[in-house]
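4 protein chains.
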Amino acid sequence: MIQRYSRPALRELWSDAQRFATWLEVELAVCVAMEEEPASPVPPGTAAKIRTAAAGRIDADRILEIEQRTRHDVIAFLTHVEELAGADARWLHLGMTSSDVLDTSLAILLVRASDEIAGSLEKLRAALERRAQEHRATPLIGRSHGVHAEPTTLGAVFAGLHAEIVRNQVRWARTRCEIAVGKIAGAVGTYAHLSPALETRALARLGLGPETVATQIVARDRHAVFFNALALIAGSIERIALQVRHWQRTEVGEAEEPFGKGQKGSSAMPHKKNPILSENLTGLARLVRSYAAASLENIALWHERDISHSSVERVIAPDATALVDFMADRAAGLIDGLLVHPERMRQNLELTRGLVFSEGLMLALVKTGLERQRAYEIVQRNALAAREGGPSFAERIEQDAEVTTRLRIEEVRACFDLEHQLRHVGAIVDRGLRR
Amino acid sequence: MIQRYSRPALRELWSDAQRFATWLEVELAVCVAMEEEPASPVPPGTAAKIRTAAAGRIDADRILEIEQRTRHDVIAFLTHVEELAGADARWLHLGMTSSDVLDTSLAILLVRASDEIAGSLEKLRAALERRAQEHRATPLIGRSHGVHAEPTTLGAVFAGLHAEIVRNQVRWARTRCEIAVGKIAGAVGTYAHLSPALETRALARLGLGPETVATQIVARDRHAVFFNALALIAGSIERIALQVRHWQRTEVGEAEEPFGKGQKGSSAMPHKKNPILSENLTGLARLVRSYAAASLENIALWHERDISHSSVERVIAPDATALVDFMADRAAGLIDGLLVHPERMRQNLELTRGLVFSEGLMLALVKTGLERQRAYEIVQRNALAAREGGPSFAERIEQDAEVTTRLRIEEVRACFDLEHQLRHVGAIVDRGLRR
Amino acid sequence: MIQRYSRPALRELWSDAQRFATWLEVELAVCVAMEEEPASPVPPGTAAKIRTAAAGRIDADRILEIEQRTRHDVIAFLTHVEELAGADARWLHLGMTSSDVLDTSLAILLVRASDEIAGSLEKLRAALERRAQEHRATPLIGRSHGVHAEPTTLGAVFAGLHAEIVRNQVRWARTRCEIAVGKIAGAVGTYAHLSPALETRALARLGLGPETVATQIVARDRHAVFFNALALIAGSIERIALQVRHWQRTEVGEAEEPFGKGQKGSSAMPHKKNPILSENLTGLARLVRSYAAASLENIALWHERDISHSSVERVIAPDATALVDFMADRAAGLIDGLLVHPERMRQNLELTRGLVFSEGLMLALVKTGLERQRAYEIVQRNALAAREGGPSFAERIEQDAEVTTRLRIEEVRACFDLEHQLRHVGAIVDRGLRR
Amino acid sequence: MIQRYSRPALRELWSDAQRFATWLEVELAVCVAMEEEPASPVPPGTAAKIRTAAAGRIDADRILEIEQRTRHDVIAFLTHVEELAGADARWLHLGMTSSDVLDTSLAILLVRASDEIAGSLEKLRAALERRAQEHRATPLIGRSHGVHAEPTTLGAVFAGLHAEIVRNQVRWARTRCEIAVGKIAGAVGTYAHLSPALETRALARLGLGPETVATQIVARDRHAVFFNALALIAGSIERIALQVRHWQRTEVGEAEEPFGKGQKGSSAMPHKKNPILSENLTGLARLVRSYAAASLENIALWHERDISHSSVERVIAPDATALVDFMADRAAGLIDGLLVHPERMRQNLELTRGLVFSEGLMLALVKTGLERQRAYEIVQRNALAAREGGPSFAERIEQDAEVTTRLRIEEVRACFDLEHQLRHVGAIVDRGLRR
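Just so you know, the protein sequences line up as chains A, B, C and D, in that order. Residues 38 to 472, numbered by my numbering, are exactly what the first sequence covers, in order. Residues 38 to 472, numbered by my numbering, are exactly what the second sequence covers, in order. Residues 38 to 472, numbered by my numbering, are exactly what the third sequence covers, in order. Residues 38 to 472, numbered by my numbering, are exactly what the fourth sequence covers, in order.
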């Protein structure tokens, strides 16, 4: 868990205290379910008594101390609960295996983390929506390969990012279902000393469904889905961050990260304002991707389970969820506070003095009956010459006999009409903001 | 595309011929949609004429030859179509950018590949179902950490693998929707010389929906979802393969891969029969995982697109789909033909002379009122001693005063009842086979 | 930094306190180098005075507090030093950029971590050497594909693992050189307000060499080499762990992990002894692999640097080094304490009743002038029959007319001579233990 | 093997024909070594006779046909050689296992691929050297975070990339040694029917050394080293490519890829010239990285080997070597032909009207006795104001009383002296070009 890159809610969620509290939650849910069984050996009220006895007294350090001896964390935990609750504790864990507790608890924690992330994603989505509406008609040069292509609007860019976040929200809601699955099925998933009915009741109390066919554990394809969905979200946020980093380049200057009062960009160069939040998001995406790769190796375990997945998950469950939650939250703030420079966007749009309208001209020529290849060559010739300096592309075109014999001057000028080029952008923005 | 690890259908799908045919399909679909526009400059019947002119005459080598000069594949293609169809070809690609063709074609090919894979997955699912029914009651020792745990049945194992494949089928159906999306929206997705309505009609003809907000291309989070879903399927097949490899170990010997007449296991050792199909699947899963990692780096492109994703996809789109299709198909055959040795399973189950029933005994002691820790110690003491040889675990238990003062001999023996332990397995198998 | 999977030395190394202490070390080394310059503006003794003023008073929390405002960690640090040392602090960081401090400090810490890891690796190597000598002649069946192949010895296995660790030691020593490189070259590596000579002197004091051509930072291919070397070591340790896991399978039982007094294998099944240390190493290798992948994405930064590598390194520098150090240390203990069962090895060797000698027999037949294909078929026929039960392979061979017409009974029996087969193993072990 | 992204030499190297030819080379080298043994059963001249019989007649299709039946590639190959060479062929493969042939052949092919790559790398290095010399004094604004920092020269940038390629050359030479290792040691590496001396002689003939302790195969940490070294080279080339992509941005325009006569940048926009070669290199780096990840999973195989590594290597050995060779070759051409625009570099350098000299001014103020924090604030205040427009940074500074009370006007102006800032760059370039 990385303090610097996590919100307090996530740090709390993955604390030792929270983990042991969740284990107890699971043990007690099963205990209650057992009490309800007909002819149960477990006396009614047992779970309630243990809950009272343990309330606020679970001592993480004591558990770790016991674990030194038993080298088994769940047994250490149960031993500690027995210290607190006495003889009643014998009714805990009856017929259960450690993974019944661990995997069910992991599901609970992942679901909670999932909900936190959903909240941060929603903030990001809302920020993108607001900025898309605000700039729906702010002209911006569209770029492919980093090179000016044709005009678009800033609103369309935000709307595109918005649509991608919405796709991630839909995927994320599904991922929650994949992971909201526990397991109270015993050592190899056969309910040798339990029953499917009891499992269903205990898990329902915890907000979870049962694994279809458990081994000793819940199947790890579910977790791989989860961590890969995180990597996808991280990739989409990286796309947003990359956008900002490009805008803030000195030569581009179309938008920049908010820069705090008292903030310093560089220890050496007092003039610097750097897109460090975005660069940071870029790096974090690499980390989350790497965690996803590790999770894929956890699917194929030996027989009814080996425990190799465990050390991986101890690291990546907290780290990957905390990072993505942090990323979404930070990206929301970044988009919200982004300083936009429409006038610079306009300047850049005009930088190539009309080159970016070359396609319309070529099409106008084709519509006069010219072959596409020939039309292309005429326009490319003028465009590449204009890039080198001298008369602008528009000026050259208006002088080119091959053009003027085919198109009237008004027809030529219509090709350079920005309004016309952007006539569909409003509809695009609306579509991108639909949920 | 790896000849050795692909079915002919997939090799054909990703051939140059198929690619160019699909490009033409896309260009013509747009051309038809344009013909239908009111006051369209494109004469009715244009697409039909081009189709006729090009039918069976698209020459991949000629296109590559032209590309040497233009260094642009789509332009080379269009030039070639112009060679074949003459002046009519001018009406192709009107207002379109290369990516309108490329990304829409890629979607068509990925959807087709997706359907092939779905077919192979279904074969695998059916094989697992059949074997699960066949062996629903065949006892097998469950193993955690590679060490005997408690009994289960072979049917339960197959049912668990079946449930995982079904989960993958559900995910795969969704993934198809993510990828069944094209784009006829021009250079930066603004429909500068096109319209959303035209795009919708053209794509519908191709079985695709439109990208919500395109840039120059369809957003790459969709493709990352696709390749990651493939990695998940590969991981689940790897789990199946790993299972078989363990069963076929000399000391285990519970099942083995079909061994063909005339087959040779080793050039040096005539006695060998090796689980090479399964090992092969294990290796292929590594490859598919690696492709997924590359796809995640393709999401964050520059502005309205850079083309860095292209080389990656040229490799992984054919390779990853062909491999997973091959894997599912091979795994289906493997499961179908798997030689199962129930008698060896029974022998192994009895190998520890009753140790695997230790949990039931501990629980029986707890139910007499003994503390869990104490009960554990009594049973562990006898179990660890029995592992070293001498009297079996059952024999030792029946002699242990701490046990016999608490449990009657029939109660002790009931703990060693295999039937009882497996009483829920039928229900588990049924649940695992539900779809 | 994962408490559970790290030794105290590494946790201490990557603490906030250590980080800030190292930053100060770097600033002071440069300050001293400046004092030594002819006509330096920096008064002699400045560094010494600052060192005295700051000794034991660097307050990590205070620095983080200042960073809240400046959003720049090095400036926050310098501000704090100024709080402690007053006006003298103005002479720190003169002409330097933050990365001069950060990258040079990182190099120092990575070198120290590297030395810790080298120590743990040496423990592992020594353990493997000891066990290889101990068991140089202990017969063990060699297995390919998990299936019995031909005999080898346990010593040869350990010697092979030893040779691999030695290879890693050689690589690791080289990796140390790659990373023992700092940089005091200013904002874009041009020494605009510094000089190459000053850098060389300052870095020499810190045990580092200068980057050949720095940008704002040390080039990140060096760090990628470092993290990939860690992934390699992790992979080699995983190979050791996998070996142990297979040996400890119930059906194999040839060796097992040390099992502590009071240790419990399972919360449900008192009879269990599981290879959890080895499984844990397997999982950790996945993590280290994933960190290496992230580090490769850090090489290509924008122009003279972007800061996207930083968040990645904040996580993986501590985590990857601590994990590999822990892995090597744990593996050393595991090999050292491994319980070996030579008698079980012998039993397993004889499990196939002679099948594993099939190659020698085939070769003997070839040497009588028989075609290889024919010899193979004769031996395979008998071997596959023997696998099904009935007479052993040796018995069948001695009855097979196609054999007995070509080989005398003594010649046949010589093929089953274990001593002969193992005649080169001593030499192999010696070669594997050479350094 | 990807036709589009490979040079003919590499495609030829990894052809079926070349593979089988190499297998024969290995078999014959061992056969010769056997002939030389005292009292060898193998008649002198056997290898020579087989070589003559097989010369130019190895039929890859026939081998694949036989493999259909045997499901074993080496046996199929040997059967085919027997078809060609008759009874002499019985002396081939004596005491060998398939992996003796396969792994030794793989080493030969990887070494050859390695030499091709070394050649392409050297071309790249030479191109960087030439351009570094050419532009050693061409001023260029250094950028961190994409934002103008301080001046450097284009030559320094090339020299830095050169130094990184030289580091890769050194690593690559070492990697060749890691991989130039074969193995003629039999089924489990014990030389049961061979000898270490024979292996050494046979391998020497092939230009290889023997694996220290082989299992059935050469240890896979060696191959992981190889593929990770490729990923590193790919990462370093990606850095070069990224540099070019940034230079070619419309707003930056400092350098651009060569653009062929007849080349077309976009099917839609005739004005486009895009850095597609560099973007392509960026994508290919992702692929090579992914192959490296897969290779790391190949290290930990079961016991004396499982064959899961094989399918991975069948794909990544040709693909990764061919891609990196292609990348280095393409990058060499790219650097060689790069169009550089020094005048645009100068314009960009002046874009911020002096801001990039802020550090020198701050340092000059510090040297007058001002506190660093205070000096920073004065300079930052003027710099941030100048960014907003109005008087330039230099003009503002010359008017700032807090500055002018401390520095004379000449002292202020000296801070804006480009020559002075670049005084060390010549030495940097020389250092970067040293080998």
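Worth double-checking, as some hints may not be accurate.
Since the list gives no way to pick out one identical chain from another, each pair is judged satisfied if it fits inside one copy or across any two copies.
Said to hold, decoys possible - Below 30 Å or equal to it, Euclidean Cα-Cα: the simulated DSBU-like pairs (lysine-lysine) are: (1) K160 / K298; (2) K298 / K86; (3) K86 / K160; (4) K404 / K298; (5) K404 / K86.
Just so you know, the hints here were simulated from the structure itself, not pulled from any lab data. Treat the numbers as computed from the prediction; the structure is a model and nothing was measured.
Each hint tested on the structure:
no. : hint        : verdict
1   : K160 / K298 : within (24 Å within a copy, 50 Å between copies)
2   : K298 / K86  : neither (55 Å within a copy, 33 Å between copies)
3   : K86 / K160  : neither (42 Å within a copy, 50 Å between copies)
4   : K404 / K298 : between (57 Å within a copy, 27 Å between copies)
5   : K404 / K86  : between (85 Å within a copy, 18 Å between copies)
When held up to the earlier numbered hints, the structure conflicts with 2 and 3 and fits the remainder.
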